[in-house]
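Undergrad: Residues per chain, in single letters:
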Amino acid sequence: MTVILNQSFTGISIGAVLLLIALGLTLTFGQMGVINMAHGEFIMAGAYTTYVLQKDISGAGVSLLIALPLAFLVAGSLGALLEWLLIRRLYTRPLDTLLVTWGVSLMLQQLARDIFGAPNVQTHAPDLLTGNISVGGITLANNRLFILGLALLCVLGVTLILRLTPLGRRIRAVVQNRDLAEVSGIATGRVDRMTFFIGSGLAGVAGVALTLVGPIGPTMGTNYIVDAFLVVVVGGIAQLKGSVITAFALGVLQSVLEYSTTVSVAKVIVLVAIVAFLQWRPQGLYTLRTRSLA
Amino acid sequence: MTTTLTPTKTTPTAGPTPSLLERLRVPGAFLLGAVLLMGVAPLALSDFRLDLLAKYLCYAIVAVGVSLAWGRGGLLVLGQGVFFGLGGYAMAMHLKLADAAATGQTLPDFMQLYGTGDTLPWWWQPFANPAFALAMTVLLPMAVAALLGFFVFRRRVKGAYFAILSQALAAALAIWLVGQQATTGGTNGLTDIQGFFGYDLGDPVNQRTVYFIIAAALLLLMAAARQLFVSRYGELLVAVRDSEERVRFFGYDPANVKLVAYVVAAGMAGLAGALFVPAVGIISPALIGIVPSIGFVIGAAVGGRASLVGAVLGAIAVAWAQSTLSDAFPAAWTYLQGLLFVLAVGFLPGGLASLVTVLRRRRTPTTQTGGTA
Chain A
1 MTVILNQSFT
11 GISIGAVLLL
21 IALGLTLTFG
31 QMGVINMAHG
41 EFIMAGAYTT
51 YVLQKDISGA
61 GVSLLIALPL
71 AFLVAGSLGA
81 LLEWLLIRRL
91 YTRPLDTLLV
101 TWGVSLMLQQ
111 LARDIFGAPN
121 VQTHAPDLLT
131 GNISVGGITL
141 ANNRLFILGL
151 ALLCVLGVTL
161 ILRLTPLGRR
171 IRAVVQNRDL
181 AEVSGIATGR
191 VDRMTFFIGS
201 GLAGVAGVAL
211 TLVGPIGPTM
221 GTNYIVDAFL
231 VVVVGGIAQL
241 KGSVITAFAL
251 GVLQSVLEYS
261 TTVSVAKVIV
271 LVAIVAFLQW
281 RPQGLYTLRT
291 RSLA
Chain B
1 MTTTLTPTKT
11 TPTAGPTPSL
21 LERLRVPGAF
31 LLGAVLLMGV
41 APLALSDFRL
51 DLLAKYLCYA
61 IVAVGVSLAW
71 GRGGLLVLGQ
81 GVFFGLGGYA
91 MAMHLKLADA
101 AATGQTLPDF
111 MQLYGTGDTL
121 PWWWQPFANP
131 AFALAMTVLL
141 PMAVAALLGF
151 FVFRRRVKGA
161 YFAILSQALA
171 AALAIWLVGQ
181 QATTGGTNGL
191 TDIQGFFGYD
201 LGDPVNQRTV
211 YFIIAAALLL
221 LMAAARQLFV
231 SRYGELLVAV
241 RDSEERVRFF
251 GYDPANVKLV
261 AYVVAAGMAG
271 LAGALFVPAV
281 GIISPALIGI
291 VPSIGFVIGA
301 AVGGRASLVG
311 AVLGAIAVAW
321 AQSTLSDAFP
331 AAWTYLQGLL
341 FVLAVGFLPG
351 GLASLVTVLR
361 RRRTPTTQTG
371 GTA
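Chains A and B supply the protein sequences, listed in that same order. Going by the working numbering, the first residue of the first sequence is number 1, and it counts up by one from there. Going by the working numbering, the first residue of the second sequence is number 1, and it counts up by one from there.
Bound conformation, chain A alone (with noise of 0.2 Å):
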């Protein structure tokens, strides 16, 4: 049963990093239909945002705090820039913008290698955040339960914006039906922007929350990238609480195979799993209903 238990738990925190990064990609595919292959590079930026911070602060707690905020910017900038420069000539080829970004991300990882070196580097986590507690026969790690956290929060705070500020409704309304929203008034490029700095920026702390469970390295973003996209394939766009069901799902359906098969043989079993359920609902746990045809 602890087993079972420590299982699910390793599932979650799992789910919790992939979701900080669905998070953002479900914000940026939802809103523009775009695929952004540049998204794990965007993690690894936030990374070594904070490796960075903690070479100038010596307090690993401090610059961890810093360096959420700052990884937001960094990552967010690096998003809209990558949209004003490219993203927004490729509306109507949704397909090339996924292999132009993808070009974008082989600079950015040269770019990594170039100024920080090949070798992975790593950071020092807070006192704070080494430890465990135990609940009741199961070890849960204090910065897993961290990431937990950061998690819930981004998904609380991206859920306030699209619900209650005008940006939000603008991005919804972007992401109802774009064309209406444009003879409405909506400047839709500006939104596209700022959903595109949104989205990326929460890929920057998911490279902060990274730093906290491994180490940090020019193709780190990949490693975690096309499992993000399957979670938002399978969530469907039209909410956010398609993206955490289905992070949380596939973390604890991968760590429960894992236990029992492989970890080869798991990736296996969840992408067979995957498809089955698109089956079922081709567009994802939660679609838009729209008479359009595409």
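Keep in mind the hints are simulated off the structure, nothing from the lab. Check each hint, because a few of them may be wrong.
DMTMM-like cross-link-like pairs, simulated, lysine to aspartate or glutamate; straight-line CA separation at most 25 Å [claimed, not checked]: (1) K158(B) x D179(A); (2) K158(B) x D96(A); (3) K158(B) x E235(B).
Beyond 10 Å from chain B on every Cβ pair, some chain A residues (computed) [unchecked claim]: (4) L86; (5) A141; (6) L150; (7) R163; (8) V175; (9) K241; (10) Q279; (11) Y286.
Derived list of chain A stretches under chain B, where covered just means 3 residues or more per stretch with a C-beta under 8 Å from a C-beta of chain B [as the list claims (entries may be wrong)]: (12) 102 to 110; (13) 251 to 264.
This structure is a prediction, so every number in the text was calculated from the model and none was measured. C-beta atoms are modelled at their ideal positions from N, C-alpha and C, and glycine is treated no differently.
Chain A is already provided as a structure; the job is to place chain B on it using the hints.
TA: Okay, now just chain B, sitting in the frame of chain A:
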């Protein structure tokens, strides 16, 4: 999608019958390609360079399939590495077994190192039969593609969703292969292949023969793909790419149209993988994962995805640039690769093959304004 459409056979404004020169254009170009590949290249290139060219031609065979599925069908196939790998592994498994049999052993060398028992796994055993192994190099990839394609296209999962799924398949296969070290060679893959159906691959003459087989396969597949492009099916495929709903309203099932393109492209990638093994002597997870799978698409994108010749030349050129530059300037090559992607896909969606058309179109308006002034 505003890429160049194929001129249809039934265009009402076709005018008079095409001149002799126009009718000979395609066969002539084909003949020229055949002479270059089968005659000039083997005479002009050293053994070492010819081996490299053989490898590039394998990538070009994959590009033929990419051009069909992506260029004509609009299916962004980001997981061609899966099919390349299945074909390659099917071939390599047979060759490893044959190598082992030649030295009087029952197990391939790596299994003696990592293996747990001394019996061959059951799924290896049929690959000792050359006919079965050869059939599997094409049938296995086609079967996997048919299975995934059937379930995905039937439910109208398309566009980016399909691209992500095909990419995830590539990731899953590569990870699975790495995990099964005892039976697949793990990260190392199947290496050190000595013989090819009884012929010693170390002998330069036999290496040249492998080159000729690959070049012949490429020419045949290009001819076959060209016939497919100009057939009724080819037109239907382009129609599905440009307006799937409209094709559905005409009474066709776009799912079947796409499935055929995906399966044929998978078969071509499988054959390319199978030919890659004797040419290079290795197949490994590093050659079939996410990154190489996207690599199969780059060549076609740079050369021109919808143009068969463009895709093939692009694949050869990118593979050549990669092996020439990546050793000497690894950092610069990565930047260049990324930039190539951004420029070719972002600003020249028809690839280099469309450069002539783009330039011509750009020149026409200027002469017009000159006339009115």
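Undergrad: Now tell me, hint by hint, if it's right for this structure.
TA: Taking the hints in turn, this is what the structure says about them:
1. K158(B) x D179(A): At roughly 22 Å apart (the allowed maximum being 25 Å), D179(A) and K158(B) satisfy the hint.
2. K158(B) x D96(A): holds (14 Å)
3. K158(B) x E235(B): Holds, at roughly 20 Å.
4. L86: Answer for L86(A): violated, closest chain B Cβ roughly 6 Å.
5. A141: For A141(A), whose nearest Cβ neighbour in chain B is about 25 Å away, the distance exceeds 10 Å, so it holds.
6. L150: holds (26 Å)
7. R163: The assertion about R163(A) holds, with a minimum of 27 Å to chain B.
8. V175: holds (15 Å)
9. K241: holds (19 Å)
10. Q279: Q279(A) is in fact no farther than 10 Å from some Cβ atom of chain B, at 6 Å.
11. Y286: holds (15 Å)
12. 102 to 110: With 8 residues close enough to chain B, the hint holds.
13. 251 to 264: holds (count 3)
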